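Participant: Sequence:
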Amino acid sequence: MGKVKVGINGYGTIGKRVAYAVTRQDDMKLIGVTKTRPDFGAYRARELGIPVYAASEEFLPRFEKAGFEVAGTLNDLLEKVDVIIDATPGGMGAKNKPLYEKAGVKAVFQGGERASVAEVSFVAQANYEKALGKDYVRVVSCNTTGLTRTLSAIQEYIDYVYAVMIRRAADPNDTKRGPINAITPSVTVPSHHGPDVQTVI
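The opening residue of the sequence shown carries number 1 in the numbering used here; numbering runs sequentially from there.
Since the hints were made in silico from the structure, they are not lab data. The model shown is predicted, which means the values in this text are computed figures rather than measured ones. The beta-carbon is built from N, C-alpha and C at its ideal position, and this holds for glycine as well. Take these hints with a grain of salt, some might be off.
[Stated by the list, open to error] Using C-beta positions, here's what the derived DEER-type ranges look like:
#, residue 1, residue 2, range
1, Gln25, Glu47, 18 to 28 angstroms
2, Gly49, Arg149, 38 to 48 angstroms
3, Pro179, Asp82, 37 to 47 angstroms
4, Ser56, Ile201, 12 to 22 angstroms
5, Glu101, Pro179, 37 to 47 angstroms
6, Glu57, Asp27, 27 to 37 angstroms
7, Lys106, Leu48, 20 to 30 angstroms
8, Asp26, Asn181, 26 to 36 angstroms
9, Ser56, Asn181, 41 to 51 angstroms
10, Gly90, Phe40, 17 to 27 angstroms
11, Gln25, Lys65, 29 to 39 angstroms
12, Leu48, Lys134, 41 to 51 angstroms
[To be verified] 25 angstroms max Cα-Cα, derived BS3-like pairs, lysine-lysine:
#, residue 1, residue 2
13, Lys176, Lys134
14, Lys97, Lys65
15, Lys95, Lys3
16, Lys176, Lys3
17, Lys80, Lys176
18, Lys102, Lys176
19, Lys29, Lys5
20, Lys130, Lys3
21, Lys16, Lys5
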């Protein structure tokens, strides 16, 4: 059996980490990543030998203006992959899903999406078997993953949980969301983490 051909839609905070992980797998091949503009991430991907695709045709002029040659658009990438990792901002994955369905490509969505976007919400330690054979899987957020890992280990000994989430405030390039390189209590009570844990365990 050949390597699984993987594409990543979105090469930002999450996409870069996923791309690195894919390149470290013996049974996967990274076919390309998408960007909406020729920023530092696009140039870095190219330096690493990763083909860069425009997220859609509407973004092509941005690349052309900068003289950045792309390998095609997201639709072109979808023709070459077995699975697409959607690492776009929250809510975009649901909008992209019809493109994946039309292309007949399996998809993994990130935790910024609602659980309804996929057949199962996934944390490897808690429900690996439930994700086997599924075409659309959502990997829950990093904080939800941590909480799920903790609770799944002691699930048989507890009836309910009260948890206080202290999370990272914002990434360095995302200053509009709050203080960078800091921690902050979850601003909404209850936060989405509890209901998201319940979609897994």
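Participant: None of the hints should be skipped; say for each whether it holds.
Facilitator: Results of checking the hints against the structure:
no., hint, result
1, Gln25 to Glu47: 18 to 28 angstroms, "holds (21 angstroms)"
2, Gly49 to Arg149: 38 to 48 angstroms, "violated (33 angstroms)"
3, Pro179 to Asp82: 37 to 47 angstroms, "holds (40 angstroms)"
4, Ser56 to Ile201: 12 to 22 angstroms, "violated (37 angstroms)"
5, Glu101 to Pro179: 37 to 47 angstroms, "holds (39 angstroms)"
6, Glu57 to Asp27: 27 to 37 angstroms, "holds (32 angstroms)"
7, Lys106 to Leu48: 20 to 30 angstroms, "holds (24 angstroms)"
8, Asp26 to Asn181: 26 to 36 angstroms, "holds (35 angstroms)"
9, Ser56 to Asn181: 41 to 51 angstroms, "violated (32 angstroms)"
10, Gly90 to Phe40: 17 to 27 angstroms, "holds (22 angstroms)"
11, Gln25 to Lys65: 29 to 39 angstroms, "holds (35 angstroms)"
12, Leu48 to Lys134: 41 to 51 angstroms, "violated (30 angstroms)"
13, Lys176 to Lys134, "violated (36 angstroms)"
14, Lys97 to Lys65, "violated (29 angstroms)"
15, Lys95 to Lys3, "violated (28 angstroms)"
16, Lys176 to Lys3, "violated (40 angstroms)"
17, Lys80 to Lys176, "violated (36 angstroms)"
18, Lys102 to Lys176, "violated (35 angstroms)"
19, Lys29 to Lys5, "holds (5 angstroms)"
20, Lys130 to Lys3, "holds (23 angstroms)"
21, Lys16 to Lys5, "holds (17 angstroms)"
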